[in-house]
Structure formats: C-alpha cells, structure tokens
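Q: The task is simple: from the sequences and hints, build the whole structure.
Each chain is listed here by its residues.
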Amino acid sequence: DAEITQSPRHKITETGRQVTLACHQTWNHNNMFWYRQDLGHGLRLIHYSYGVHDTNKGEVSDGYSVSRSNTEDLPLTLESAASSQTSVYFCASSDVGLENTEAFFGQGTRLTVV
Amino acid sequence: RKEVEQDPGPFNVPEGATVAFNCTYSNSASQSFFWYRQDCRKEPKLLMSVYSSGNEDGRFTAQLNRASQYISLLIRDSKLSDSATYLCVVNWAGRRALTFGSGTRLQVQP
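Protein sequence lines, in the order shown, are assigned to chains D and L. Take 1 as the starting number for the first sequence in the working numbering and just add one per residue. Take 115 as the starting number for the second sequence in the working numbering and just add one per residue.
The calculated SDA-like cross-link candidates involving lysine to any residue, where the alpha carbons are at most 25 angstroms apart (straight line), are: (1) L:156 with D:27; (2) L:156 with D:30; (3) L:156 with D:2; (4) L:156 with D:114; (5) L:156 with D:13; (6) D:11 with L:154; (7) L:116 with D:84; (8) D:57 with L:142; (9) L:156 with L:219; (10) L:156 with D:73; (11) L:156 with L:221; (12) D:11 with L:153; (13) L:156 with D:8; (14) L:156 with D:29; (15) L:116 with D:85; (16) D:57 with D:20; (17) L:156 with D:83; (18) L:159 with D:95; (19) L:116 with L:160; (20) L:159 with D:61; (21) L:116 with D:41; (22) L:159 with L:172; (23) L:156 with L:190; (24) L:156 with D:9; (25) L:159 with D:41; (26) L:156 with D:24; (27) L:159 with D:60; (28) L:159 with D:10; (29) L:159 with D:5; (30) L:156 with D:78; (31) D:11 with D:67; (32) L:116 with D:58; (33) D:57 with L:159.
Here chain D is said to cover these stretches of chain L; the calculated rule only asks that three of the stretch's residues, wherever they fall, bring their Cβ under 8 angstroms from a Cβ of chain D: (34) 155-167; (35) 210-224.
Worth flagging that the hints you see were computed from the coordinates, not collected in a lab. Just so it is clear, the structure is predicted and the values come from calculations on it, not from any experiment. Note that the Cβ used here is the ideal one computed from N, Cα and C, for glycine as well.
A: Have a look at this one:
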C-alpha cells in the first residue's frame, strides 16, 4: 500500500543546531507540504512543493528550508533550531493539479528544542 | 483575522446526541472545502469533502454557505468513537496547499 512516512518520530535537539526532518511518500504525488501544529494555532503551512525542484514558502517559513530532488522526498531543515520551533511537524502529499483532492499526512514528528 | 475560524470547544455531548460545528472562512476566493478529523496525537485524516449542494455520509452532514462564507458539520447519533478534533479546511483556486482552522474538540460521553 502507498504511504507517507516521517522520521524521526521524536527528536530532542539543542538550540542552534541544524536539524533535518525526513518525509517520504510512495503515492507518487507531485504536491508535498510541511505543516507545524501548535496548541491554539492549528496546522500552519511552512513550505510546499508542486514537483521536483519546485519549492515555495508558506505562512511560517522563517528559519526553515526544503529541497525537492525527487518525487518521493521533501526533507525539512531547521537551519539553527530555536525554542520557538518546538512543535509537532506534519508532512502531507496530494495529487497533482487537483484542488479538491485529499491530502495524506504522515504520522508527525514531535520536535523539542532545548 | 484568521483565514479559517472555528470554535475550539470542547463540545461535551452524551452518546446519541446531535451536535453541530460551524466554521467561517475569510477568503471569498476559497474554492474547495473539507472536514478533517484528528485523533489525539495522530495525523489529520479526511472525514468528508463539502459540496455546494450539501452532502451526507452516514451520520455526518456537511453544508456550505458561500454567501455567508461558512461551513457546517452535523453529527447525528454521536458515538464514543466520534470523540476527536474536527478541522475545517479550505483552499482556493490555484493553490493546492490546504488552510486549516484550529479545530473543534468533541468529547462524547457515555
């Protein structure tokens, strides 16, 4: 069965360190997204990609970067982790060009920055 | 103002009750509408899409009012297993990324 997986599921890191969260999907979806979820804010869009070598900033992109070198993967990098980036991170994917299609989410990565 | 607004709840209802959630959106160019369900510490999953004419899926009914820019979800005959957070989701033409409300928490009690 096709799926979308995130790793690690839990991570604790120190302030100032670079951290990369992995997202891998086997749906062959062109669209991939990264969200963060915090209490009281719901899911907020960090970055998204519509295909290989395409990346776009979302509403809360400061301090984050992504790259898309193939269809399956969209790693999220925190350049210099800050305590404000402690959150639950969700990766998602959806089919190309269809605004009305379902987005499939990974199980999330719980990141703690100390 | 948030693009998608929901009452956070919690809504505490007894089993068998009917409960309704509303959601308002600010972008009049919003084109697609959904309700997602999220269980505690889990990923969101699609509950149902919302169509202009309204649609029903078993005990769940979704309605869209474009003039007033709100979406509703009605759950009839609530089950304990319906306890979750319900996320109102929209996107607009040309943008494939979904915009989420903060969610409404439902707790169904025995």
